[in-house]
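Sequence lines, in order, name chains A and B.
Residue -13 is where the first sequence starts when you use my numbering, and the numbers rise one by one after that.
Residue -13 is where the second sequence starts when you use my numbering, and the numbers rise one by one after that.
Some clues are possibly wrong.
One copy or two, either will do: identical chains are not told apart, so a pair holds if it fits within one copy or between any two.
Claimed, not checked - No farther apart than 30 Å at their CA atoms in a straight line, the calculated lysine-lysine pairs in the DSS-like style are these:
hint : residue 1 : residue 2
1    : 98        : 16
2    : 51        : 16
3    : 16        : 88
4    : 98        : 88
5    : 51        : -3
6    : 16        : 57
7    : 51        : -9
Honestly, the hints are just simulated from the structure, not real lab data.
Because the structure is a prediction, the values reported are computed rather than measured.
What follows is the residue order along each chain.
2 protein chains.
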Amino acid sequence: MNHLKIEPLTKSAFAPFGNIVETEGAQSFKINNGTTTRFHNLADVQLRGENPRTLVSIFRGEEFKFPIEIKMMERHPLGSQAFIPLNARPFLVVVAEDVNAKPAHPHAFIAKGNQGVNFHANIWHATLTALEGVSDFLVVDRGGDGNNLEEHFFDISYQVE
Amino acid sequence: MNHLKIEPLTKSAFAPFGNIVETEGAQSFKINNGTTTRFHNLADVQLRGENPRTLVSIFRGEEFKFPIEIKMMERHPLGSQAFIPLNARPFLVVVAEDVNAKPAHPHAFIAKGNQGVNFHANIWHATLTALEGVSDFLVVDRGGDGNNLEEHFFDISYQVE
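Here chain A stands alone, though its shape is the one from the complex (with noise of 0.2 Å):
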């Protein structure tokens, strides 16, 4: 068993992988005759291969608890994915990087429950990991034709501590 140990959740040590969906930090300004702001923007919603559409979704997560064992990770060459929760509570995020077409150096990191993460297209990401309680977020990624996932089970796992 490999282990990981959690960074702290920066914008620019997320750059890589995706972005960070918070108000903290983001561009705003005010809407509606001032009664709204507007944090403009925060994911960059990637849309690629035939006949694409946003599709919008709620994944319900069952709770994980540590130590929290990493199998396996995905991909989706296609889209990106936004997980943004619903329930004010925080999650696990692990991402990798791309060696020869496989995961590696995977980092992971615990996103608030005010910060939604948005994977970019073809990011190595580990499945939803909902901490503290069954929690739903809500989903933005890729519908259309064409293969958009890709799976890659380790030979050793990771645990995150």
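Given the structure of chain A, go ahead and fit chain B onto it with the hints provided.
Frame of chain A, contents of chain B only:
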């Protein structure tokens, strides 16, 4: 002042105007080795016009208290617009039919804290009206070229009680 009564927010009542983004009654299936339930494709994301792209933003809406006056409504001819509560608080949703390029016969609904709404393109709606506190909403709408905003100010406003 015209008076507007609140109607129950049901899928059939809201169908002419858009989608209710909720898990109840939604098509769902298990993914991620059974650890996640995907409530799939809850909003019809419409992207029209030149160079459209999907925007993911957060709107922070100030709190409104009843009676609430609706002085204007707007519509977005080039794209749908979804609002999903991030703080589990309800909000007021007012939509209208189009008669001679003006909003007419408005309907008022209250979306619960676990219900989002997605306005179809070109549907007249009141602007964000948060209830029970300043609240954040995940918004999925359209960016791109062209004028995507039309506003109508009523001669006689509506009061929602």
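Status of the hints after comparison with the structure:
no. : hint       : verdict
1   : 98 with 16 : both (25 Å within a copy, 25 Å between copies)
2   : 51 with 16 : between (40 Å within a copy, 20 Å between copies)
3   : 16 with 88 : between (44 Å within a copy, 25 Å between copies)
4   : 98 with 88 : within (28 Å within a copy, 43 Å between copies)
5   : 51 with -3 : within (25 Å within a copy, 37 Å between copies)
6   : 16 with 57 : between (45 Å within a copy, 18 Å between copies)
7   : 51 with -9 : within (15 Å within a copy, 47 Å between copies)
Taken one by one, the earlier hints all hold for this structure without exception.
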